[in-house]
Amino acid sequence: MKGKLIFGIAKSLLLARWRQTLVAAVGVTFSIAMFITLLSFMNGLNDLLDGLILNRTPHVRLYNEIKPNKNQPVNAALKDSYNFISSVKAGITRQEIYNSGPVLQTVKNDPRVLGVTPRLSTQVFFNEGTIDITGLINGIDVEQEMRLFNFGDYVTAGSAMDAENVANSIILGKGLAEILVADVGDVVQVTTAQGERFSLKVVGYFQSGIQEYDKVQCYASIATTQKLLGKPANYVTDIQVKLYDLDMAPAVAKEYAKVFNVDAEDIQTANAQFDTGSSIRTLISYAVGVTLLIVAGFGIFNILNMMIYEKMDSIAILKATGFSGGDVNRIFLVIALSIGFFGGAVGLVFGFIFSVIIDNIPFNTAALPTIKTYPINYSPIFYMIGGTFALITTYFAGYFPARKASRVDPVEIIRGK
Amino acid sequence: MPETILEARHINKSFHDPVTVQVLHDITFSVNKGEFVSVIGKSGCGKSTLLYILSTMDTDYNGELLIDQEVMTGRKDVELAAIRNEKIGFVFQFHYLLNEFTVLRNVMLPGLRLARYSAQEVEHRAMERLKMLGIDHLADKAAYRVSGGEKQRVAIARALINDPHIIMGDEPTGNLDMRNSEMVFEIFKELAEVHNQTLLIVTHDPGFAERSGRIIEMEDGRIIRM
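Protein sequence lines, in the order shown, are assigned to chains A and B.
Just so you know, we're using the working numbering here: the first sequence kicks off at 1 and counts up by one.
Just so you know, we're using the working numbering here: the second sequence kicks off at 1001 and counts up by one.
Among the hints, a few may not be true.
Simulated crosslink set (EDC-like; lysine to aspartate or glutamate; CA at most 16 angstroms straight-line) [stated by the list, open to error]:
1) B:Lys-1141 to B:Glu-1100
2) A:Lys-404 to A:Asp-275
3) B:Lys-1076 to A:Asp-409
4) B:Lys-1042 to B:Glu-1217
5) B:Lys-1076 to A:Asp-327
6) B:Lys-1033 to B:Glu-1079
7) A:Lys-372 to A:Glu-196
8) A:Lys-227 to A:Glu-255
9) A:Lys-108 to A:Glu-255
10) B:Lys-1033 to B:Asp-1068
11) A:Lys-2 to B:Glu-1086
12) A:Lys-11 to B:Glu-1100
Just so you know, the hints here were simulated from the structure itself, not pulled from any lab data.
Quick caveat: nothing in here was measured; it's all calculated off a predicted structure.
Chain A with its partners taken away, still in its complex shape (with noise of 0.2 angstroms):
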């Protein structure tokens, strides 16, 4: 019964003042729809960022790392003393992991595992007339790595596929496809670190958006990658594993060191960068959001105190007639939060309105192949964020001018008549 008394006399001065409340409350629409569309398209172009690198890289990578073996002899032989050995030499690493079948097998039945992918790479020299260049060639298990790495994605000349169904084939870095003056059905000349000669059969382009990696990269199946290097179907040298949980990744990575007896490199750690760069582009978005929504804070506070200074009158007989210093503040309390709330509800609409309208917009880059719009991230979050800050500002905008009314003496306004 109060509260709807309270609810009816908030909405009349509102109602009264419906150009000042609209423009109040517009200040808060736009700048709710500008927090959103800021954070949607800022973290839609962060995922996209993000996505160049950690969608193609393995949460936990196994590997055997060429280097001196830690024990070295003399040491077990001579515990109590300090032994200088210089010139330490890797010599009888293999960059080949052991035993690589059972280990697939195993990972590959972890419930933390969505997928597990073999690989290996090797360095070779692509023969261009009389140059040789350089060229990393990764072998990989062509359907596993659609699935797990959205391999296929990136191939945007010929098939992917054909690289596992077409027998010494390859498929080439666009940049290193330029280079070479090669299309898809050419066949180029390739020399491995052996000095073994073989020719192979472009069967796509790989693209990824990084442009020094196109010069380098490309990919062949395993089987075909084997046979450059004249080794054995069990020879891999890498194993790819993806998580459900991205988070896992660190704990999973020093688990399968220990148990497997490689090496293992978590995501985390193989793309600090990466993730300082996003936080940072968050924080710079939050922080243009924030300051929008204060800003707007700003003009409902004037609005607020305005219409105080105007409706002393009223605030002084409803004060004599028996409403009490809290019914008064709760008054303008109401006001002030149903400014935010209808102008941040509306700015929510707008938000989403113009993060589809960014999401339309043509975006095409070489760089990108697989992106024909703007980004967009259209996590409900936001949203949420959008909604609450709204209310806050604009209830902390109200609570200064609310506590003023609520403090005008009566007495002193019906005597200044």
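Position chain B against the provided structure of chain A, taking the given hints into account.
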């Protein structure tokens, strides 16, 4: 023994800004139920100041104030607001209607705040009072669209909505012409005589005061006649 509605005991008040001036000296009097009391005196004699203390809106005084035989002195703002709402009706020199509302709604507001009756009943009671004052045809008009004399009658209707123990007026006819002043006086007189309503009206219209039931005259912050 008539029932005492309002009692002031040794009320003193000083203004401290810019220098301390005592405006009320040891005011002691009481008002019984059904009395029509006028407070008169020259400008600056403290009669309005006294009225605002009696109305509980001004709490900065020494002494004791009783309304309906209950002590008002030292109570909290919220309690005093509730007491004003329930037991006191106000008519000021200026009407103080809320322009955002209709005449009817203005009259209803204190009744809705009290919430003793449902909204429909409050509306019905508001209409009754408007009818009694002969302005029921204005009920749905916006408050700022009625004339000065009518506004003052709306303000009286608003003061009556909660059946207050006492109606306090601060120069209620001060802004009105002869005809409207006369009308307002007649309303007060009728309230006092027919409805046994207690009234305490501050005025400096001697004609008004003389025709009321009892006169309290003040000079320099003291009561010199009662």
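(Q) Please verify whether B:Lys-1033 and B:Asp-1068 have alpha carbons no more than 16 angstroms apart. (A) 10 angstroms, holds
**Q.** 16 angstroms Cα cutoff - pair A:Lys-372, A:Glu-196
**A.** Violated. A:Lys-372 to A:Glu-196 sits at ~42 angstroms, over the 16 angstroms cutoff.
Q. Is B:Lys-1076 within 16 angstroms of A:Asp-327, Cα to Cα?
A. Within the cut-off at roughly 14 angstroms; holds.
Q) A:Lys-404 and A:Asp-275: Cα distance at most 16 angstroms? A) Between A:Lys-404 and A:Asp-275 the Cα gap is close to 47 angstroms, so the pair fails against 16 angstroms, i.e. violated.
Q) Between A:Lys-2 and B:Glu-1086, does the CA-CA distance stay at or below 16 angstroms? A) Distance of about 15 angstroms is within 16 angstroms: holds.
Q. Keeping to a limit of 16 angstroms between CA atoms, is the pair of B:Lys-1076 and A:Asp-409 held or broken?
A. Within the cut-off at roughly 15 angstroms; holds.
Q | Hint consistency between B:Lys-1042 and B:Glu-1217 [alpha-carbon to alpha-carbon, up to 16 angstroms] | A | Between B:Lys-1042 and B:Glu-1217 the Cα gap is close to 9 angstroms, so the pair holds against 16 angstroms.
Q: Could you grab the alpha-carbon distance between B:Lys-1033 and B:Glu-1079 and see if it respects the 16 angstroms cut-off?
A: Violated - the C-alpha atoms of B:Glu-1079 and B:Lys-1033 are around 23 angstroms apart, more than 16 angstroms.
(Q) Check the hint pairing A:Lys-227 with A:Glu-255 against an upper bound of 16 angstroms on the C-alpha distance. (A) 32 angstroms, violated
**Q.** Proposed proximity, B:Glu-1100 with A:Lys-11 (alpha carbon, max 16 angstroms)
**A.** 10 angstroms, holds
Q) Holds or violated: are the alpha carbons of B:Lys-1141 and B:Glu-1100 at most 16 angstroms from each other? A) Since the Cα atoms of B:Lys-1141 and B:Glu-1100 sit roughly 11 angstroms apart, the hinted pair holds (cutoff 16 angstroms).
Q. CA of A:Lys-108 to CA of A:Glu-255, is that 16 angstroms or under?
A. 15 angstroms, holds
Of the hints listed earlier, those the structure fails to meet are numbers 2, 6, 7 and 8, in rising order.
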